[in-house]
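Protein chains: 2
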Amino acid sequence: MKAVVLLSGGLDSATVLAIARSEGYDCHCLSFDYGQRHRAELDAAARVARSLGAHEHRVVKLDLATFGGSALTDKNIAVPVAGIRDGIPVTYVPARNTIMLSLALAWAEVLAARHIFFGANAVDYSGYPDCRREYMRAFEAVANLATKAAVEGARLTLHTPIIDLTKADIIRRGVALGVDYALTVSCYQADGDRRACGRCDSCRLRKAGFVAAGIADPARYQTG
Amino acid sequence: MKAVVLLSGGLDSATVLAIARSEGYDCHCLSFDYGQRHRAELDAAARVARSLGAHEHRVVKLDLATFGGSALTDKNIAVPVAGIRDGIPVTYVPARNTIMLSLALAWAEVLAARHIFFGANAVDYSGYPDCRREYMRAFEAVANLATKAAVEGARLTLHTPIIDLTKADIIRRGVALGVDYALTVSCYQADGDRRACGRCDSCRLRKAGFVAAGIADPARYQTG
Numbered sequence: 001m002k003a004v005v006l007l008s009g010g011l012d013s014a015t016v017l018a019i020a021r022s023e024g025y026d027c028h029c030l031s032f033d034y035g036q037r038h039r040a041e042l043d044a045a046a047r048v049a050r051s052l053g054a055h056e057h058r059v060v061k062l063d064l065a066t067f068g069g070s071a072l073t074d075k076n077i078a079v080p081v082a083g084i085r086d087g088i089p090v091t092y093v094p095a096r097n098t099i100m101l102s103l104a105l106a107w108a109e110v111l112a113a114r115h116i117f118f119g120a121n122a123v124d125y126s127g128y129p130d131c132r133r134e135y136m137r138a139f140e141a142v143a144n145l146a147t148k149a150a151v152e153g154a155r156l157t158l159h160t161p162i163i164d165l166t167k168a169d170i171i172r173r174g175v176a177l178g179v180d181y182a183l184t185v186s187c188y189q190a191d192g193d194r195r196a197c198g199r200c201d202s203c204r205l206r207k208a209g210f211v212a213a214g215i216a217d218p219a220r221y222q223t224g
Numbered sequence: 001m002k003a004v005v006l007l008s009g010g011l012d013s014a015t016v017l018a019i020a021r022s023e024g025y026d027c028h029c030l031s032f033d034y035g036q037r038h039r040a041e042l043d044a045a046a047r048v049a050r051s052l053g054a055h056e057h058r059v060v061k062l063d064l065a066t067f068g069g070s071a072l073t074d075k076n077i078a079v080p081v082a083g084i085r086d087g088i089p090v091t092y093v094p095a096r097n098t099i100m101l102s103l104a105l106a107w108a109e110v111l112a113a114r115h116i117f118f119g120a121n122a123v124d125y126s127g128y129p130d131c132r133r134e135y136m137r138a139f140e141a142v143a144n145l146a147t148k149a150a151v152e153g154a155r156l157t158l159h160t161p162i163i164d165l166t167k168a169d170i171i172r173r174g175v176a177l178g179v180d181y182a183l184t185v186s187c188y189q190a191d192g193d194r195r196a197c198g199r200c201d202s203c204r205l206r207k208a209g210f211v212a213a214g215i216a217d218p219a220r221y222q223t224g
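So the protein lines, in turn, are chains A and B.
Mapping to our numbering: the first sequence position 202 is 202, numbers consecutive.
Mapping to our numbering: the second sequence position 211 is 211, numbers consecutive.
To be clear, the hints were calculated from the coordinates, so they are not data collected in a lab.
Please read all numbers here as calculations on a predicted model, not as lab measurements.
Please note that the accuracy of each hint is not assured.
Claimed, not checked - The calculated label-pair distances, taken between Cβ atoms and stated as ranges, are:
| id | chain 1 | residue 1 | chain 2 | residue 2 | range |
| --- | --- | --- | --- | --- | --- |
| 1 | A | 164 | B | 168 | 49 to 59 Å |
| 2 | A | 212 | B | 1 | 46 to 56 Å |
| 3 | B | 2 | A | 56 | 36 to 46 Å |
| 4 | A | 55 | B | 192 | 15 to 25 Å |
| 5 | B | 157 | A | 56 | 51 to 61 Å |
| 6 | B | 1 | A | 134 | 21 to 31 Å |
| 7 | B | 191 | A | 123 | 32 to 42 Å |
| 8 | B | 23 | A | 193 | 46 to 56 Å |
Said to hold, decoys possible - Calculated cross-link-like contacts (lysine-lysine; reagent style DSBU-like; alpha-carbon spacing at most 35 Å):
| id | chain 1 | residue 1 | chain 2 | residue 2 |
| --- | --- | --- | --- | --- |
| 9 | A | 207 | B | 2 |
| 10 | A | 61 | B | 148 |
| 11 | A | 61 | A | 207 |
| 12 | B | 148 | A | 207 |
| 13 | A | 2 | B | 148 |
| 14 | B | 207 | A | 2 |
| 15 | A | 2 | A | 61 |
| 16 | A | 207 | A | 2 |
| 17 | B | 207 | B | 61 |
| 18 | A | 148 | A | 2 |
| 19 | A | 148 | A | 61 |
| 20 | B | 2 | A | 2 |
| 21 | B | 2 | B | 61 |
| 22 | B | 207 | A | 207 |
| 23 | A | 61 | B | 2 |
| 24 | B | 61 | A | 61 |
| 25 | A | 148 | B | 61 |
For each residue, glycine too, the CB sits at the ideal point set by N, CA and C.
This is chain A alone, in the form it adopts within the complex:
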């Protein structure tokens, strides 16, 4: 069975790809070059796709920077290093998940794939509205009205296997499935040598997850 798997190059989506592979899906991985600062993620996505036996990996260029509004695409907004705050982080990219899922849907239709795997997580990203279960259900409803396949009666399923897992649980699951987390990049501002900053929200979540899982984090950090 064919599946489109959204792959960012980070820890969560690598785990989701491993889960999809373990369930026997033929995985067509999709990454986005949306002007993000952490381009190291795209290289990581290619390595992860290869290491987990994906069928193919494509990168779609998307100029979200045209709109601005996020620290990840807008150079005028600083990426916070002071830890996670209440409310919605400035690293939130407007409507990003909707955009990425709609492109995954387009590719799924062309491939005649009936499954999309997405590494949304409602635990760590509780501040992101488009990481919630109700949002996923609403998008799935759109997907099942939007396409030629839907009109012809084929049902599309949006799989979000890690949506309710803690970071530690995600890591344990991935390790059990043989994910090499040394290949993944989580940092919002990794350097040219792919060393993570160790201080941004994403690095903090990752580090805390490995500590809670009792597993050594294979990432290389710029600082201690």
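Use these hints to put chain B onto chain A, whose structure you have.
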């Protein structure tokens, strides 16, 4: 009130922009360069935005051709000239409306706009699943779960003012609102001089609409 208006450069979306302007919206127009063959539409969109007093007009580049699957983006599929057939036309672009609406949603969030205007039409495009009312309602539900603004209680409305109008009604409405249809391009394969082919599905729908409305079509055609 701010609104994001999806503007293709064709007849339908020009009419929708005129309707939004007539209702007092401050219009931020959005077009897509998705590798379509009819690039003349993008120039037309810019002229239409200017002539109808839009606040601004932006073009987002989108590489849908990466996926293929449509005669409008895939050079291996011929654009039909034999008229409209049953079922879903080969000019259907997979998930296109979902992709365009999700990008409109992103921009709306950055602008703090609560309105999106979209020229979907369920009459002429009855073969396109993502032109139906139920699809529009489903996307609106996603929009109202997806964003920071939604979490904060702001309601987003997706306006589809021409969804149930015939082409003739759309043209009458636009003419009453002062739309200069000479600025619009409907053809899937207009030449470098912006002359329409007169034979593709889009040209046929347009021509028949002007005839039914009893109004002269100001488009220039390559053939009689």
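Outcome of the hint check:
1. A:164 to B:168: 49 to 59 Å: Given range 49 to 59 Å: holds, Cβ gap about 52 Å.
2. A:212 to B:1: 46 to 56 Å: With Cβ atoms ~47 Å apart, the hint holds.
3. B:2 to A:56: 36 to 46 Å: Roughly 41 Å apart at Cβ, these two residues keep to the hinted range, so it holds.
4. A:55 to B:192: 15 to 25 Å: Because 40 Å falls outside the window, the suggested range is violated.
5. B:157 to A:56: 51 to 61 Å: violated, 39 Å
6. B:1 to A:134: 21 to 31 Å: holds, 28 Å
7. B:191 to A:123: 32 to 42 Å: Violated, at about 56 Å.
8. B:23 to A:193: 46 to 56 Å: holds, 55 Å
9. A:207 to B:2: violated, 42 Å
10. A:61 to B:148: holds, 24 Å
11. A:61 to A:207: holds, 30 Å
12. B:148 to A:207: holds, 27 Å
13. A:2 to B:148: Holds. Residue 2 (chain A) to residue 148 (chain B) sits at ~33 Å (cutoff 35 Å).
14. B:207 to A:2: It is violated: about 42 Å lies between the C-alpha atoms, which goes past 35 Å.
15. A:2 to A:61: Satisfied, since the Cα-Cα distance of roughly 23 Å is no more than 35 Å.
16. A:207 to A:2: holds, 33 Å
17. B:207 to B:61: Holds, at roughly 30 Å.
18. A:148 to A:2: OK: residue 148 (chain A) and residue 2 (chain A) at ~17 Å, within 35 Å.
19. A:148 to A:61: holds, 25 Å
20. B:2 to A:2: violated, 42 Å
21. B:2 to B:61: This hinted pair holds, its Cα atoms lying about 23 Å apart.
22. B:207 to A:207: Violated - the C-alpha atoms of residue 207 (chain A) and residue 207 (chain B) are around 63 Å apart, more than 35 Å.
23. A:61 to B:2: Judged against 35 Å, a Cα distance of about 28 Å means the pair holds.
24. B:61 to A:61: holds, 8 Å
25. A:148 to B:61: Holds - the C-alpha atoms of residue 61 (chain B) and residue 148 (chain A) are around 24 Å apart, at most 35 Å.
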